[in-house]
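2 protein chains.
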Amino acid sequence: MSGGWPDSRFLALSGAACPVIQAPMAGAGGIDLAIGAIRGGAVGSLPCGMLTPDEVRAQVAAVRAAAEGPLNLNFFCHALPEDVDDGAWRALLAPYYAEYGVHEDDGSAMRLPFDARMCAAVEEVRPELVSFHFGLPAPALLERVRATGAKVLGNATTPDEAIWLAERGVDAVIAQGFEAGGHTGRFLAGRQEEALGLFALVPLVADAVTVPVIAAGGIADGRGIAAAFALGASAVQIGTAYLACPESGISDAHRAALAAGRSVFTNLFTGGLARGVPGRLMRDLGPIRPEVPPYPLAAAALAPLRKAAEAQGEFGFGPMWAGQAASLARSEPAEVLTRRLARDALAALARLGGGTTTS
Amino acid sequence: MSGGWPDSRFLALSGAACPVIQAPMAGAGGIDLAIGAIRGGAVGSLPCGMLTPDEVRAQVAAVRAAAEGPLNLNFFCHALPEDVDDGAWRALLAPYYAEYGVHEDDGSAMRLPFDARMCAAVEEVRPELVSFHFGLPAPALLERVRATGAKVLGNATTPDEAIWLAERGVDAVIAQGFEAGGHTGRFLAGRQEEALGLFALVPLVADAVTVPVIAAGGIADGRGIAAAFALGASAVQIGTAYLACPESGISDAHRAALAAGRSVFTNLFTGGLARGVPGRLMRDLGPIRPEVPPYPLAAAALAPLRKAAEAQGEFGFGPMWAGQAASLARSEPAEVLTRRLARDALAALARLGGGTTTS
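If you read the protein sequences in the order shown, they are chains G and P. Position 289, counted from 1, in the first sequence is what my numbering calls 289; the numbers after and before it change by one each time, with no gaps. Position 135, counted from 1, in the second sequence is what my numbering calls 135; the numbers after and before it change by one each time, with no gaps.
For reference, chain G alone in the conformation it holds in the complex:
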C-alpha cells in the first residue's frame, strides 16, 4: 500500500506508515524522540554510538514498551586513531580550563566503533533497521547484523560512496547532503570542498544504485519531502526538525540557535567535520583548527571544560548541531511533527501533480 506516496519501496522495506526516518543524532536524540516518531508513523532511531551494549538493551526496551513500530539503531564505523598526541589541542584549550577552574580530566562518553559486543546486543534486541555512519563494519559483523533480519542502511555523501555501500549489500542508501546538521559521514577519499548539495546528490545517487535512496540534509517540512521524491528518493531522514521537539535533549542555547540557523562546518568538537551553529568556542577559535586531533579524540579534552562551563551557564563549549533548514523547525511534540510532515508532504505531492495554478 503506497497511501498516496509516489514510491513505496522504503515503506515496504521498513514497515513504516510514512517514508520518514527520525535521524539518530548522538547527544540529542534518545528514547523519547524515537517513541514520538514511531507513534507518528515514522521510523524512530536510537543513536547508539556513545552507548554501552547494556545501555542499548535498556533503551530499546524502553522504546518497545511505549511504541509499536519500526526502530532503527545507529552505529559508527570509524577507525579509532592510535598514538595521537592531543597536546596542541589541550594547549589551545588551557586558557578556558583556567577561566572555568577545570582541573580534573574525567573520561567523556567515548565514540566507539561498532564491535562484536555491540553486535551481540543487536542480535538480542532485533531492531527492524540498523544504520551505519562512516562506512560499514567488517564483513563478518555486517553478516551477523543482516542475519538478525534487520535491514541495513549505509550513509553516502557522494555517488562513489553509494556504489561502495551497494556493492556490500546495504538495503538502502542514505544520501547525506552537505546541508545536514552534525557529522558528515564521508568515509572515502575526497575533499570537503567538493561536498555535494542534496539537490545534486540525490539524482546522482539514484542513478548510481538500484536500492532505495533516503535523502538527508536540509529537509524540515513537507515541501522538502516532496522535493526529495521528485529527485528520486524513496524516503527522507530528518534531524534538525526533530531537534526542536520538546523531547530532544538539547540546551536552551542550542534551541535558540536553531532559529538563527547560520550553521557552518567545524572540527572543534570531535575532530570530525560537522555542521553546527557557532557558540563561544567556534567564535573564539574559528570553526576549523589544525590543532584539533582526529575524530573522535577532540571530545576528550573538551568534555570537562564543557561540563564546567555549562554549570556556569555558558553553553558555547558544546556543539549546537543544526542543518541548513533549521529555521523552518517548530517546537512541537515528535508525534505531532511526524504527522504534520506526512500530511504536508502528501498535500504538496498532490498539488504538484494537479497542474493547478497558484497566483
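You can trust all of the hints, since none of them are fake.
Rough simulated footprint, nothing fancy, chain P against chain G, three-plus residues with beta-carbon under 8 angstroms: (1) 170–183; (2) 230–240; (3) 263–271.
Reference excerpt, derived from the structure (chain P facing chain G, CB under 10 angstroms, subset only): (4) P6; (5) P159; (6) F178; (7) E179; (8) D207; (9) A215; (10) R223; (11) G224; (12) F229; (13) A230; (14) G232; (15) V264; (16) I288; (17) L352; (18) G354.
Pulled from the structure, derived: some chain P residues nowhere near chain G, Cβ distances all over 12 angstroms: (19) D32; (20) R57; (21) A61; (22) E68; (23) D85; (24) L92; (25) M110; (26) P113; (27) R117; (28) E124; (29) E143; (30) T148; (31) G149; (32) A256; (33) L297; (34) E335.
None of these hints come from the bench; they were simulated from the model. Note that beta-carbon positions come from the ideal geometry of N, C-alpha and C, so glycine has one too.
Model the placement of chain P on the given structure of chain G, informed by the hints.
Structure of chain P alone, referenced to chain G:
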C-alpha cells in the same frame, strides 16, 4: 494557462511556454544558446557583463531575427575596486608567463557594472526580462530599466538578500544555491562558509518574499525542475546543462570536465568566488589564494597567459565553470534540451501527484 505546471506565475510574468530560464553564463553563453532556448519554449539569456552597448544591440538583433519569445539580458552590478595593486598576483603568475612566452599585456574583456550607456541600449532593444547579478543598479538606473516594461530579476544567495531585492521592487528573485556553477552572486555581508544549498535556500526564500522564486544551481534535468516546484519555486534557471550543448562556446577540455563534475569554489580567475572544475592553474596554486586581487581585477593578468596557453593546447588557465549536477548534462542542441527538460519535468510532476507505486 498553466499547461500542467503547478505554478504559472513565472509563465505569466515572462511569457515563456515553460518555466525555464537558460542561464546567461558570461564567456560561454551567447546568441546561439539563447536562440535554441527560446525556440524550445524557455527564456533565452544573453550575458552582457563583458559586452559593449553596441555588442548588446547587435546580439539582441541577431536573437530577434532567429527566434520569437522572451529574452533576458543579464548584467553585473559590482562596485569596481579602485587603486588595487595586483603585483602579488602577477608575481604568482610570472613563472607561467615565462613558460608560455607571454610578454605583452593586452587588455582583457573587462567585466563592467551596468551603467547609463548600457541602460540606453536596454531602452532601445527592450528585452522582456533583465536580470542583475551582485545586487541591483542605482535606483535611477533601475527605474529606467523598469520603465521599458522589462521584468526585473535579482539574484539572492540568502533569504536576507531576497528580502533586500524584494524591497527594491524586483519582479522575481533568483535563489542561487551553492551548487551553481560560475560566480556566486552574494552581495550582502556574510561568510562563504554559510553558503546555502538549494534544498534549504528555496523554501527559506519562498517564505521570505511574495514575488515568484526562480531556483538555480544543481538543476540539470526534469527531476530537479519538479523538485524546485515542490520547494516553492515558480521556475528554474539552468546553466550547466546548457553548457553541454553544441551551441555553447566552451573548449573541449571544459566539455570533458563537465562529465567528471567535481567542482569547487575558486577565486583565481576573476577574484570573485565561482564554482568550476579544476584545471592546471587551480591544481597548481590551489583553488583559493590570498594574492588574487578583488573581483573582477584578477582576469586582467590572466588574459594574455590564457590566450598563449590555449594557443599551445593547454586550457587549464581559463575557467571551467560547472554546477554540481554537471555529470547529468548531455550533449544535445539547446532547443532539444529545452523541450526534454519541460517534458521530463511534467512527467515527473504527474508521477508525484499520482500516488503510484514504483518497485
